[in-house]
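Participant: Protein sequence lines correspond, in order, to chains A, B, C and D. Offset between the first sequence (1-based) and the numbering used here: plus 6. Offset between the second sequence (1-based) and the numbering used here: plus 6. Offset between the third sequence (1-based) and the numbering used here: plus 6. Offset between the fourth sequence (1-based) and the numbering used here: plus 6.
Hints may be right or wrong, so weigh each one.
Each pair may be met inside one copy or between any two copies, as identical chains are not told apart.
[To be verified] Pairs of lysine to any residue residues, derived as SDA-like cross-links and limited to a Cα-Cα distance of at most 25 Å, are as follows: (1) K27 with V183; (2) K199 with V183; (3) K199 with N182; (4) K79 with N97; (5) K199 with G181; (6) K32 with T196.
These are calculated hints, taken from the structure and not from any lab test.
The lines below spell out each chain.
There are 4 protein chains.
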Amino acid sequence: MNSQWPYSTPGIPDDLFIREKVPMTKEEIRILTLAKARLAPGQIVWDIGSGTGSISVEAALLVPGGKVFAVEKNARATQLTIQNAEKFGVNNLITVPGEAPAVLHDLPDPHRVIIGGSGGNLHHILQLAVNRLKPGGRIVANAVTVETFNHCTQFFTGLNWEAILVNISRTVPAGNVRMWRALNPVYIFTLEK
Amino acid sequence: MNSQWPYSTPGIPDDLFIREKVPMTKEEIRILTLAKARLAPGQIVWDIGSGTGSISVEAALLVPGGKVFAVEKNARATQLTIQNAEKFGVNNLITVPGEAPAVLHDLPDPHRVIIGGSGGNLHHILQLAVNRLKPGGRIVANAVTVETFNHCTQFFTGLNWEAILVNISRTVPAGNVRMWRALNPVYIFTLEK
Amino acid sequence: MNSQWPYSTPGIPDDLFIREKVPMTKEEIRILTLAKARLAPGQIVWDIGSGTGSISVEAALLVPGGKVFAVEKNARATQLTIQNAEKFGVNNLITVPGEAPAVLHDLPDPHRVIIGGSGGNLHHILQLAVNRLKPGGRIVANAVTVETFNHCTQFFTGLNWEAILVNISRTVPAGNVRMWRALNPVYIFTLEK
Amino acid sequence: MNSQWPYSTPGIPDDLFIREKVPMTKEEIRILTLAKARLAPGQIVWDIGSGTGSISVEAALLVPGGKVFAVEKNARATQLTIQNAEKFGVNNLITVPGEAPAVLHDLPDPHRVIIGGSGGNLHHILQLAVNRLKPGGRIVANAVTVETFNHCTQFFTGLNWEAILVNISRTVPAGNVRMWRALNPVYIFTLEK
Chain A
7 MNSQWPYSTP
17 GIPDDLFIRE
27 KVPMTKEEIR
37 ILTLAKARLA
47 PGQIVWDIGS
57 GTGSISVEAA
67 LLVPGGKVFA
77 VEKNARATQL
87 TIQNAEKFGV
97 NNLITVPGEA
107 PAVLHDLPDP
117 HRVIIGGSGG
127 NLHHILQLAV
137 NRLKPGGRIV
147 ANAVTVETFN
157 HCTQFFTGLN
167 WEAILVNISR
177 TVPAGNVRMW
187 RALNPVYIFT
197 LEK
Chain B
7 MNSQWPYSTP
17 GIPDDLFIRE
27 KVPMTKEEIR
37 ILTLAKARLA
47 PGQIVWDIGS
57 GTGSISVEAA
67 LLVPGGKVFA
77 VEKNARATQL
87 TIQNAEKFGV
97 NNLITVPGEA
107 PAVLHDLPDP
117 HRVIIGGSGG
127 NLHHILQLAV
137 NRLKPGGRIV
147 ANAVTVETFN
157 HCTQFFTGLN
167 WEAILVNISR
177 TVPAGNVRMW
187 RALNPVYIFT
197 LEK
Chain C
7 MNSQWPYSTP
17 GIPDDLFIRE
27 KVPMTKEEIR
37 ILTLAKARLA
47 PGQIVWDIGS
57 GTGSISVEAA
67 LLVPGGKVFA
77 VEKNARATQL
87 TIQNAEKFGV
97 NNLITVPGEA
107 PAVLHDLPDP
117 HRVIIGGSGG
127 NLHHILQLAV
137 NRLKPGGRIV
147 ANAVTVETFN
157 HCTQFFTGLN
167 WEAILVNISR
177 TVPAGNVRMW
187 RALNPVYIFT
197 LEK
Chain D
7 MNSQWPYSTP
17 GIPDDLFIRE
27 KVPMTKEEIR
37 ILTLAKARLA
47 PGQIVWDIGS
57 GTGSISVEAA
67 LLVPGGKVFA
77 VEKNARATQL
87 TIQNAEKFGV
97 NNLITVPGEA
107 PAVLHDLPDP
117 HRVIIGGSGG
127 NLHHILQLAV
137 NRLKPGGRIV
147 ANAVTVETFN
157 HCTQFFTGLN
167 WEAILVNISR
177 TVPAGNVRMW
187 RALNPVYIFT
197 LEK
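The shape of chain A in the complex, shown without the other chains (with noise of 0.2 Å):
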């Protein structure tokens, strides 16, 4: 159990992570991810499209004896995952640098998949994710765009799955009152195979 997180919930708050100007799930969204992907110790989890690596870092304090993989092009994103991991005590993650699918080939098979972000490759990333998922497992892809959101549905045709729309806001303090401010809807698709 780490200093910096020492809690057994998800839901560390956005600002705790060192991000810059990397786009990062936020936190309820990251909850709700988490949860509905099953984590249990041990588990092997790909985490595809981790950005700042918030929820790797999340992931792998849930999975201890386990192994997260954050899977991640951009290079800078890399830099923060390993950061951030390090700022949380985390030593299970495992940085995976370049494109999807191609780097998933040399990894474990997974009894969890996290999708976050695809960079357009999604079909063939569910594809591969779909046949190296153990079975019992579970994917868990987040959806912020039309278009994600077609994809997931046409691919889960037939297979067994749901999802969520999620819209949260929260309170913000402005001068002496609070307002409302939205955060843009998601949608949480989970597969379980």
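Based on these hints, arrange chains B, C and D on the given structure of chain A.
Facilitator: Quick look at chains B, C and D alone, frame taken from chain A:
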């Protein structure tokens, strides 16, 4: 780790709980509520208005070595909580039948207080909860009515709080298509002492 | 101006329509749909999948000197539409019983097409609607299923379209408090020719 | 009927208004607000906290033969309102510079009151609005802060009111895909006298 729920993440599906017609916090709201509570091993948790015990059971799994007190005035709901605790192999959940705040006096000071229902005594419950909460502790309260929202925001004025507004929909099969079905919106308040 | 609805704005309350058990577009979605259609006096409007006629009736009130064609395959729904048209004193609403796109061929070219339901023929309906739509015309389509959303976005690719995602909840009395009750989410697509 | 907006439905796109940096009620919220107000020819409408005048201009188009009083303390916003009224050929919009409720005393009794902003005087504005409102009249108030929401619900207690909570997102192009961008949530209160 329990064989009914061998995962380190919260999010037991709604239909795994024994519930009859007692209202229950829905999976996604439960996940966010537990995450905002920042649970950790060894904590004392009060779950006030615990209903079927779905939050209590998940909290108990997340605070090994700690204790969850499930406070509920509806006797049938308390019975369901006991059944659900058994189903999920939880042995650190203590049911506290009766009305809050009266029945709270004999409980040990909490690290965390989760308020799902208040039976109209919200002001006195919040007052006692804030007083008894250990330093650095957290209160997480769910509001589904206009009145509870008003009470929470007024009570919290001047304290260290924030809230999120959660609108989630789920895909549900309808013939050979999938419809979006909305959960009712829920406010999740978090206060840190 | 009709005595049952003497207002210049859309938004007839749901319970003023005769509806039995036929599904109906909810007031707030109807308001936004009609507004996105940018109705004007003299327009020819096709309302495809018109159900109880709630959108057709409101559209007819908003296009004086124009005509609204309420296309619906369910005979009982067409009867309800006629009753609703009478109730609101609308005399420029023509019911078109039968299945789209077949029954659309004999209708005059539309300035506006509103699509609430498509009975599985969405692709051909959209194709015919775009072809027959007058220059500068608008198509507004509501989607409540994953499949309809997919079809619309794919069909519209390369055309001039946008969409909104609408999540609305209403206060409803529950004893001496007010609960929030969510309407299911609806996508409203707008295409301009 | 004005050539800039020849439609009978509300919903002038945001970017057709001259606005500089003055905050403006967004198109979809404006549509719902005007619809909930149930406007009709000949009505007297007070638009309190009228900002750039977007609601006032649309209301004026919807109450021919009536009058819309655009009450606003920010002098620059009042100038923009005059420009917007000219742009849309509206001649039944009267700007009322100054602070509510003080400047309301000399206005004729309203059929409708729309409250977009209150500058901290909400309680007194609501009190005067309810008193001066003609029988059968309607007040529609938008709330974007926790505090305004609380004030409205408390003031309305015992009166005939309801509210909707509106969460809307729009597709926006981002490269060759479309993202969903959320508008901040808005509460729309309706009171009928």
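Participant: Could you figure out if K27 and V183 sit no more than 25 Å apart (CA to CA) within one copy, between two copies, both or neither?
Facilitator: For K27 and V183, only the inter-copy Cα distance (21 Å) is at most 25 Å; the intra-copy one is 28 Å.
Participant: One pair to classify: K79 and N97, alpha carbons no more than 25 Å apart. Within, between, both, or neither?
Facilitator: Close inside one copy (21 Å), not across copies (46 Å); limit 25 Å.
Participant: When no copy is named, should K199 and N182 be tagged within, between, both, or neither for a Cα gap of at most 25 Å?
Facilitator: So K199 and N182 pass the 25 Å test across copies only (20 Å; inside, 51 Å).
Participant: Using 25 Å as the alpha carbon limit, work out where K199 and V183 are close: within a copy, between copies, both or neither.
Facilitator: between (48 Å within a copy, 21 Å between copies)
Participant: When no copy is named, should K199 and G181 be tagged within, between, both, or neither for a Cα gap of at most 25 Å?
Facilitator: Only across copies: K199 and G181 sit 22 Å apart there, 50 Å inside one copy, limit 25 Å.
Participant: How would you classify K32 and T196 at a CA-CA limit of 25 Å: within, between, both, or neither?
Facilitator: Both: 18 Å inside a chain and 17 Å across chains, each within 25 Å.
Hint compliance for this structure: every hint is met.
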